[in-house]
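**Student:** Residues per chain are reported as follows:
There are 2 protein chains.
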Amino acid sequence: MQSFELDKTDLQRIKSALEGNDADLEKILNEYHASEIAILFEKLPQEAKEKIISILPADFASDVIAEMDEEHHPEDILINLDPEKRTEIVEELDDDVATDIIAQLDEDEQQEILDDLDHEDASNIRTLLSYAEDTAGGLMTTDVTTVNIGMNKMEALDAVIKQSEEQEEFYTIFAVDDNNILQGIVSLKNIIKSRHDVMIRDLVVTEFVHVQADVDQEEVARLIQQYNINSIPVVDEHMKLLGRITVDDIIDVMQEENTEDILKISGVSEDEELSGSWQDAVKSRLPWLVINLGTAFLAASIIRSFDDTVKALPIMSAYMTIIAGMGGNAATQALAVTVRRISLSDLTDNQAYRTVLKELLVGMINGASNGLIVLLVALFYDANPMLGLVLFLAMTGNLLIAGITGASIPLILKRVGIDPAVASSIIITTFTDCFGFLLPLWVASKLLL
Amino acid sequence: MQSFELDKTDLQRIKSALEGNDADLEKILNEYHASEIAILFEKLPQEAKEKIISILPADFASDVIAEMDEEHHPEDILINLDPEKRTEIVEELDDDVATDIIAQLDEDEQQEILDDLDHEDASNIRTLLSYAEDTAGGLMTTDVTTVNIGMNKMEALDAVIKQSEEQEEFYTIFAVDDNNILQGIVSLKNIIKSRHDVMIRDLVVTEFVHVQADVDQEEVARLIQQYNINSIPVVDEHMKLLGRITVDDIIDVMQEENTEDILKISGVSEDEELSGSWQDAVKSRLPWLVINLGTAFLAASIIRSFDDTVKALPIMSAYMTIIAGMGGNAATQALAVTVRRISLSDLTDNQAYRTVLKELLVGMINGASNGLIVLLVALFYDANPMLGLVLFLAMTGNLLIAGITGASIPLILKRVGIDPAVASSIIITTFTDCFGFLLPLWVASKLLL
Chain A
0 MQSFELDKTD
10 LQRIKSALEG
20 NDADLEKILN
30 EYHASEIAIL
40 FEKLPQEAKE
50 KIISILPADF
60 ASDVIAEMDE
70 EHHPEDILIN
80 LDPEKRTEIV
90 EELDDDVATD
100 IIAQLDEDEQ
110 QEILDDLDHE
120 DASNIRTLLS
130 YAEDTAGGLM
140 TTDVTTVNIG
150 MNKMEALDAV
160 IKQSEEQEEF
170 YTIFAVDDNN
180 ILQGIVSLKN
190 IIKSRHDVMI
200 RDLVVTEFVH
210 VQADVDQEEV
220 ARLIQQYNIN
230 SIPVVDEHMK
240 LLGRITVDDI
250 IDVMQEENTE
260 DILKISGVSE
270 DEELSGSWQD
280 AVKSRLPWLV
290 INLGTAFLAA
300 SIIRSFDDTV
310 KALPIMSAYM
320 TIIAGMGGNA
330 ATQALAVTVR
340 RISLSDLTDN
350 QAYRTVLKEL
360 LVGMINGASN
370 GLIVLLVALF
380 YDANPMLGLV
390 LFLAMTGNLL
400 IAGITGASIP
410 LILKRVGIDP
420 AVASSIIITT
430 FTDCFGFLLP
440 LWVASKLLL
Chain B
0 MQSFELDKTD
10 LQRIKSALEG
20 NDADLEKILN
30 EYHASEIAIL
40 FEKLPQEAKE
50 KIISILPADF
60 ASDVIAEMDE
70 EHHPEDILIN
80 LDPEKRTEIV
90 EELDDDVATD
100 IIAQLDEDEQ
110 QEILDDLDHE
120 DASNIRTLLS
130 YAEDTAGGLM
140 TTDVTTVNIG
150 MNKMEALDAV
160 IKQSEEQEEF
170 YTIFAVDDNN
180 ILQGIVSLKN
190 IIKSRHDVMI
200 RDLVVTEFVH
210 VQADVDQEEV
220 ARLIQQYNIN
230 SIPVVDEHMK
240 LLGRITVDDI
250 IDVMQEENTE
260 DILKISGVSE
270 DEELSGSWQD
280 AVKSRLPWLV
290 INLGTAFLAA
300 SIIRSFDDTV
310 KALPIMSAYM
320 TIIAGMGGNA
330 ATQALAVTVR
340 RISLSDLTDN
350 QAYRTVLKEL
360 LVGMINGASN
370 GLIVLLVALF
380 YDANPMLGLV
390 LFLAMTGNLL
400 IAGITGASIP
410 LILKRVGIDP
420 AVASSIIITT
430 FTDCFGFLLP
440 LWVASKLLL
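Here the protein sequences come in this chain order: A and B. Going by numbering that gives the first Met the number 0, the residue at position 264 of the first sequence is 263; the numbering climbs one at a time, nothing skipped. Going by numbering that gives the first Met the number 0, the residue at position 315 of the second sequence is 314; the numbering climbs one at a time, nothing skipped.
Bear in mind the hints are in silico, worked out from the structure with no lab data behind them. Hints are all accurate, no fakes.
It does not matter which identical chain is used: a pair holds within one copy or between any two.
Okay, derived cross-link-like pairs now, BS3-like style, lysine-lysine, Cα gap no bigger than 30 Å in a straight line:
{"#": "1", "residue 1": "K413", "residue 2": "K282"}
{"#": "2", "residue 1": "K42", "residue 2": "K413"}
{"#": "3", "residue 1": "K445", "residue 2": "K310"}
{"#": "4", "residue 1": "K50", "residue 2": "K14"}
{"#": "5", "residue 1": "K26", "residue 2": "K7"}
One chain only, chain A, in its complex shape (with noise of 0.2 Å):
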């Protein structure tokens, strides 16, 4: 198919057809990709939706369900389709696909829908169910091709023939002992390359990344780019293989773990979902501004206690600002550098020292930078030479304040088990708030008054 954009034409079209009869719908449901007809969902109502998987064919319409993005919630569909047609759909779905969405459902949603299976599906389904959601386990497929170490090349061509019916792929083997322990992957390239009465045993490879059933997804991220692997196995404490991992899989794991990122930064729940309601949003974003507003009242705190200082010198009450505005702005700059290297590695004591001091010069010659400049408005625009030195002083000690705990925050929290990145930038901007108004009043106090 040819990679193409859909617009409103493609929307349109299947609308009206939705109007005429299931045969001429179904042929022009034909014309697209799964994943284009999920995209298409997002904009069509409920009815519409059902409709259309119940008239497709069970293999096409598990394909748009998988393809359905979970905030548009393809569980919805699934529970108000004819018993019949939904089983022969989930029975489609790979089963960490089919767990995923089921897992929205009530219990007794759930239970409905499992009772239909047959027996190996429902009971796959359930173990996968049990497992935390982002987790290994919950991330998992248990369609997985393995060969016993005892067969034979045409045993093992024939095993893995034979379950590559049920996958969409089936390249990377694990091989397995009778009691189902990982004994090592084997490449099906090396089965067919291999002479008839080679045994699987000769061509394992017994050095293989693994991971158990509870590892964090983002630790599996991380596993399988660093190993540029396709696929890592999933096992029990015991070595028993559970089942596997795709890189597939893993991407939509990074771009959930990017958009967390992204939003934890600038004080967005993780929670709230991007196309959300505006009640989402409320509820996700009031209570950081609420402590924001905390933090301001502290920092405006200390202007209050500088009254007679603003008071004897008003123009103090502009350039504060700037100062302060700055240093939030730098502190966000070695924030991002920082939370981000946090996020791609772990620091030794040695680099995450080494990364504070490199903020603190950054943080000392980008604010004796702009100091120079508020200093030559201070002497030209004000005519004060005094006022520029005071705030020549207090934007360099800002922002070196501001490179420092920029650095140090994030690393901070993350040695105490805190997410660096949901709780740095409010205490960064308390800090660089703070200091904002105190240094050039502080500063002020003694050499202008």
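Once you've looked at the hints, dock chain B against the given chain A.
**Tutor:** Just chain B now, with coordinates in the frame of chain A:
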């Protein structure tokens, strides 16, 4: 291999082994995965790295080179190696990896390496060097398995196996005609499963996603993610097959793009390396800070123009910093959500319109909520109900403006072809600072003076 954490012991072990004889060193190195040695390299001096690469067998050495982060300059090792060994290593590298490394060298040095390679590798790398690094062409490998649609099963299987010698992965197979024009994709599974007399022609899937060599890597990542495919063929304008891009390449692209997004939204140049020098950091961040200083002067000039109000009501000086700061925070929230939405998918006009409307509403509600708190403080702490009213109105107004600008500025920038992450936060802070001072001072000058 067990997935384990590297620590100082590992580094120490290798450092002491470097003092001993080569055989012992090689034995110790063999206990590590290539990607682990690449990580240890980050802490070793240049001579040590060159020594290790020169004593490792070429296939292992090339894996280490391939796993090195480009920030740590694998090309510096390559260029100093004995030419014979270097040629062996480069020929072992996937040609897309070799290209990325060689691209970092001077033209003379590139020539020196390419002249020693066999004709095919040299010509592949020369072709790849001609594409821009962040395009599909720059990302793809030319190691691609093909079968002719005129082949029968055994011929195809033979061809696949023959080509697979050169490759890590040979699962997705592309079917071409006599002129190397891409006809479709065929799965190895289907070839193996089919009867002996079946033609590839009958097995090929003619609907598939493909990209041209100049498509941006972000778009390639989006396609691979959208269609959940493991590799994507790269073609020229006549559908002639040029190569393929695999999903593991895309993971790195995504991490890179996400790092850029987080940095840009925080006012850091996207070129700044996370673990770069302080000089680079100053160069990357100072320009943004100076621009910010300009906009801060703009905001401060508003305070100056209300000199009389500030003198008559010095208390405003503290409160207006709260209102400006809260506007900045609320705008950052709206900005993060909108920028992330844009980077994950294009918004239709209608979606864009509804996004701005939603953020307007969220801003107004959050503004009124925080405004109410400030009103109560003014009422009970300052015993000044009119001041409370002024602050309530100003807070609500500024957070409403924050919501509108936070959502609309990135959408507008995107439409006019400017990267929304780059300039948005500066423009938006300018709005929230200016209105954060203007609104309370102006309303106060009307109601309180």
